[in-house]
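Enquirer: Chains as they are written, first to last, in the numbering used here: chain A, 102 to 489; chain R, 3 to 306.
Hints should not be assumed to be uniformly reliable.
[Claimed, not checked] Here are the computed lysine to aspartate or glutamate pairs in the EDC-like style, where the Cα-Cα straight-line distance is at most 20 Å:
#, chain 1, residue 1, chain 2, residue 2
1, A, Lys337, R, Asp135
2, R, Lys114, A, Asp170
3, R, Lys140, A, Asp313
4, A, Lys433, A, Asp423
Since the hints were made in silico from the structure, they are not lab data.
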Amino acid sequence: MTRNLLTLASALALLATPVAADTLKIGMITTLSGPGAGLGIDIRDGFALAVEHAGGKLGGQDTQVIEADDQQKPDVAVGLANRMVERDRVQVVTGVVWSNLALAMLPTLAGGQTFFISPNAGPSQLAGAQCNPYFFNAAYQNDQIHEAVGKHVQDQGFKKVYLMAPNYPAGKDGLAGFKRYYKGDVAGEVYTQVGQLDYAAELAQLKAAAPDAVYVFYPGGMGINFIKQYEQAGLKGAVPLFGPGFSFDQDILAAVGESALGVKNSAQWSPDLDNAANRKFVADFKAKFGRIPSMYAAQGYDTALLIDTAVKAVGGDLKDKDKLRGALASAKLQSLRGEVAFNTNHYPIHNIYLREVVKAADGAVTNRTVATVFTNHADAYVKDCPMK
Amino acid sequence: MDALLLAEQGLNGLQLGVMLFLMAAGLTLVFGIMDLINLAHGTFYMVGAYLTAALVPVLGSFPLALAAAVLLTALLGLAVEAVALRTLYRRDHLDQVLATFGLILFFNELVKIVFGPVPIFLNPPAALAGTVDLFGLKYPAFRLAILAVGIAVAVFLWLLIARTRVGMLIRAGATNREMVMALGVDVRLLFGLVFALGCGLAGLAGAMAGPVLAVQVGMGEQILILTFVVIVIGGIGSIRGALAGALLVGMVDTLGRALLPAAFRLVMDAANASAAGAALASMAIYVLMAVVLAIKPKGLFPAH
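Isolated chain R, as found in the complex (with noise of 0.2 Å):
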């Protein structure tokens, strides 16, 4: 393998990384600070795709389209939020996964219903379609797209929560729930906003992820998994952990798939080493989950 291939790999990687961040962001933000588990938030990631996939044709641009799906599923989760959700956060987490399961199962029919059983199109912007040559390597342009808007909204996030009151307010949250509480802070504000921020976020991971992949019923569950994997070995709550934990995630993922069957090759023939390299490949984030949550039980930074 040669460094070309090499760095593109490692672009992957970084590439999948980000992806899973912007989806990580706003679990981890609602798990950490709420105390919430929402299994649901992967529901709000196929909202985000199927609102940028109907919208697209309307408004003529996928820019557009994207910033009015996010818009729309930040909304979303506010009208869930206050109908379904505000009355889970005394009761047990078994509960909160019996009832956002429960919305799972809602809005998967209630998409069927609207947009059908079958997936639906949604392609990159004319303008990102091709390929980007980078010193040789030709990269797609719209998954260099994806690394820069997860880049943003890493930079929106670290300054939203370092810098700014209402980010003060959401580490304080995370921190020590009830010492915020006391302290007067309106608690079901905050929670209402955190949880439309995860939201938004997510419908964001879902629009950048619908021209890429397959915009489709059940897709969130798909990368809901993977997510929940990031948010464990990053630590709870941490946003800093879920870009850890993405990256480190995508990489494993992205290298493993890459070299493991490579690597294999050399001490077997060709259909044995693809076989058993593909089955390494899948079972190599979890192996780094287990290896990170023996060496630090709460993940790599944990916020509480």
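This is chain A alone, in the form it adopts within the complex (with noise of 0.2 Å):
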């Protein structure tokens, strides 16, 4: 008897092995070349400093992250998704950087049973009709940044405000969410074409329309192109220049210099927010990097986090994919921005700052938090998702 319970205990160990020794395998699917290269490879290295910082182990898992480069098209991105959940079998994907490749990769990861989690992408759709089991977004949902500059931008009682974004999906969300909360005249609604290098028609067409500011929202390269081009057009200074922490965050600053001095945005985050946490991550990121970190790094690190206490939660177990996903959704997620929850479509509740451009005590140029300009804030295309 006692011999066959020994047996039936070790059987039930060797049985219960495996599942403790589950590698975590994590697909990073993002932008590693072409011109959206930097914020694929800052989201990249944020993630993988978070992972050092968890021992290599996040959740107490091994864990093992896949890089994979979409260059920055649908397709690729597809293709690489498929990949993941047939060949490499992760149980997480992460690393989207655009709303566009979110979109068009989700059908496949759903299909497949893996979680994807989001450190950038925050489309509308995903969070309204659309919203899925297994998608979840660590960073916001793309109209809460305009939303802030929006409401700051009529506090400020400005009233024709001329706006540009990109012709693709957070483009549109962008301006949208700036409208939510900016109910003065709009001057000009501009979409230009994804990856635009000139901005010399458009700038004229603005000087025209005598808007009393402007906003717009051009993440990456755009970014750099449009305010050196707002600048030379010596229309810095003349007309105020707002925009969501995308158009002027660490990857533009360090390419723009001077020219962005003074502006203010909007994010979830900043590199000044005083918490410990993120006195960590800012000075680890400097060192290993030699960089400041962007919102992006901030954005991989999070993404990492939520995946640490979410499988912390379930004591390791990667099989069950409702456990798994109600410890994600029901994560008190202590981020580089405090603490932060998830709403019933999977995307976060939280603040929103005010930031502005300056020039820091060693001469780089940075954010310096100004303001909050919304506290606990929720998204708002929640209500729309059947998801309870």
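Starting from the two chains in their separate frames, assemble the complex, guided by the hints.
Expert: Here it is in structure tokens:
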């Protein structure tokens, strides 16, 4: 009898070990080449730093991160998503920078019962009617960041604002978000080609419209092109420029320098947010990679923290998808931006800050927090999401 | 839209055209004379911009940094031609496309290793940072400088090609390569020179574009597509064609972006008009290319 029990126990132990020793496999599909690479590389590096801080074990599990370059192309991203599901059999895919890529990848990942945690792209579609049990966003819903500047511009009493954004889903979300809180006149609403280089034609139209403020959403290289040309056209100082953090974050500030000084922008995070985790993150990121982290790097870090928190909560059991989903959804994430909770559509409820581009004591151009525009702010689309 | 705004948009179109011409001139020479499809032309544009950005703080002067960057880019072109491209002239175009695409990947990665993945800083020199008053029109000074440099290059190329012995050989090479070889011209040297010239021009374009655009890995590929459109419209191998094609593309693109949304607003509401206008403006140059090719299948000024 004792012997039988022992056998049974060891058999159970044998059965149990593979679960406990489950390697956490994470597919990092992000943009590592081409003009958008700066964003993807920052997400990857921020994520890697969090894994390093966790001793290589997110949620106490051995963690393997499989990198792949989506080249900012939806078809490539879908192919990679398929590969991660079929061949690499990852439990989680993250890394996506662009909203159009996230929308393209989701059917493949959800169909393969693979969790898709966005460290950046937060399209309105996936927050509302098309919200998905397998999709989470650790960063923000696109509109939230724009809403904060909309509110600030409204509060400052601007009456005639000119709006510009690239012609893609996040561009339209962005200006919609701005207008949700800005109630004055729109002097012009211009959508430009994604990846556009020259803005001379648009700037001439802008000048002719004589607005009293300009709001632009241009992430990455487009932002650099625009800010340089805005200053060269003599508009800097003449017409105040506003934007979401994406248009004035560290990846752009390094390239435009003092051209962006004084611009007010919004984000859920800033390098100067005063908490212990953030101070450590900024210092370690600078030491390891030799540059000031961007908001994308912080989002990569927070995404890893979310996975860490959820995997810990389920005790490393990666097989039970419902349990893991529950843990992700109910996570009280101790992020670099304080505690973040998740709404029923799996998007964060968090603070949005107003920041100003300043020159730091060491001469580096960076962002400084000026005010908290929204406290525990939920997105506008959650009511359309059938998940409860 | 008043006359002043229309004049400004015309100037913008001209300036974009001149910028494209700097790129297209080198590409069309290499394509037309050496019969080499060089996808890596944009790489030399990127190298020119990065070298200028790196040399401005060292040399302390934008014109000096620009001159050094152009020279170094031309030398790099000479080296790449000797090491990687010389064996490809007799191969078919697909092999050339593959090899030069490989060069793009190689140099993009190299630049990323040397300068980092984040775009780097390059602003116009202080003297050209502001605006200039042109009959009541405030126009960015640096864009006028681009215009001046482009015109100077066009004149230089015209003198070189129409008035010098090298230019005669280039013209002869573009028209009938076999005959030039049969006459005992050192084609290897000629090709090396033409390639270096093309790379120097791409480097100059990059150096002049750097203060206006983002200096980042992959910047060359963004402008390369437009450049191919230009030389296909202009006629492959023809400098005159490159100039005409570049100005045409610059004008159509700029005026399309400026006028189409306004035109659509006459017939539909603002949101739809700006979306439809933006979509059509981004197609305008390809429509232009299709129309030109339908009428003149070899481009506006074919060299062959």
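Enquirer: Determine for every hint whether it applies to the structure shown.
Expert: Structure-based check of all given hints:
Restraint check for Lys337(A) and Asp135(R): the C-alpha separation of about 17 Å stays at or below 20 Å, so the hint holds. Between Lys114(R) and Asp170(A) the alpha-carbon distance is near 15 Å, which keeps this suggested pair within the 20 Å criterion. Restraint check for Lys140(R) and Asp313(A): the C-alpha separation of about 18 Å stays at or below 20 Å, so the hint holds. A C-alpha spacing of about 18 Å is found between Lys433(A) and Asp423(A), which places the hinted pair at or below 20 Å, so the restraint holds.
Every hint, counting from the list given before, is met by this structure.
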